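Given only the sequences and the hints, what does the whole structure look like? Please build it.
Here are the chains, one letter per residue:
There are 2 protein chains.
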Amino acid sequence: MVRLSKKVEYGLIAIGHIATKPTGEIVTAKEIADAYKIPYELVAKVLQKLTKSGLIVSHQGVRGGYALTRNPGDIPVSMIINAIEGMQPVIAQCMSDGPESCTVFTVCTIKSPLIKVQANIERAFSTMMLSEIV
Amino acid sequence: MVRLSKKVEYGLIAIGHIATKPTGEIVTAKEIADAYKIPYELVAKVLQKLTKSGLIVSHQGVRGGYALTRNPGDIPVSMIINAIEGMQPVIAQCMSDGPESCTVFTVCTIKSPLIKVQANIERAFSTMMLSEIV
DNA sequence: CCATATACGACTGAACAGGTCCTATTTTGG
DNA sequence: CCAAAATAGGACCTGTTCAGTCGTATATGG
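Going down the list, the sequences are from chains L and G. For what it's worth, my numbering labels the leading residue of the first sequence as 1, then goes sequentially. For what it's worth, my numbering labels the leading residue of the second sequence as 1, then goes sequentially.
If you're looking for bench data, these hints aren't it; they were derived computationally from the structure. Treat the hints with caution; some may be incorrect.
A pair holds if it fits inside one copy or across any two, identical chains being indistinguishable in the list.
In silico lysine-lysine, DSSO-like type, Cα no more than 30 Å apart, as pairs [unchecked claim]:
{"id": "1", "residue 1": "Lys6", "residue 2": "Lys30"}
{"id": "2", "residue 1": "Lys45", "residue 2": "Lys116"}
{"id": "3", "residue 1": "Lys49", "residue 2": "Lys6"}
From a predicted model like this one, the values you see are computed outputs, not experimental measurements.
This is the structure in structure tokens:
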């Protein structure tokens, strides 16, 4: 019905795994890759994105790894997805260059079903916390 | 954040357009294609799927077209999406051939975040009615 | 009988996703 | 100080999916 990319899937698994550890404990990408039989490089890349977004912190070098920066109950699923997929507009890309660039501007308001569906999905994701899905 | 295919987009637009008409009024694929500047063949195909699912009825030949079979308030968005995309499993495809075929069976329960997210999305779609998004 | 409409399958080109590989850079332990 | 372990991140390949097009068959009203 709705497709979640592998990146998001791996991201949820990874951050969920970190969330099960005691606060401050450091987890490596390799540990997650092994535990869930996920390609190491993909987990690593996703963890890097989560790091950039500030949801987790990274420590380089030997004995390095990742740790959560906040309580799982304070991390909405929407934030995880956005961190990984990079906040795509999904809809109304015709407006991104201004209304005059939109060739179907006169009927754009009639296309609204998508916008409302999108809003509902985003609301669902933003009220769903990491702590609820682990 | 979540990708809705063009097929679904066109399907929502099309059935939404039909829903705005007085009950029983017949709408042609061409009319919808013209009104929203959508490729005719794609709208036609989507309408055929909606017909097969029973959400709308079709009338062939001259003066033919499509009409709703029930009240827009009784049509969940999930039903429209399923009619068009064909009820894909999305998750747990590893179980479709039985548990013994799943190479990661022992860690499958740990992968549950996806299942819970999926359940939430489906609930959101099944409580969202066509009448709410037109 | 013909114009109009649905029904539906085959095909193509482009975009994307998932995955792999390679090379830095950082950091710790011995 | 060096080797190993770990993050950081870019380049690339390949199979699949998607959007769109085309062609053809079927039904039907006038």
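Now the hints, each set against the structure:
no., hint, result
1, Lys6 <-> Lys30, "within (17 Å within a copy, 38 Å between copies)"
2, Lys45 <-> Lys116, "between (32 Å within a copy, 24 Å between copies)"
3, Lys49 <-> Lys6, "both (14 Å within a copy, 28 Å between copies)"
Comparing the model with each numbered hint stated earlier shows that all of them hold.
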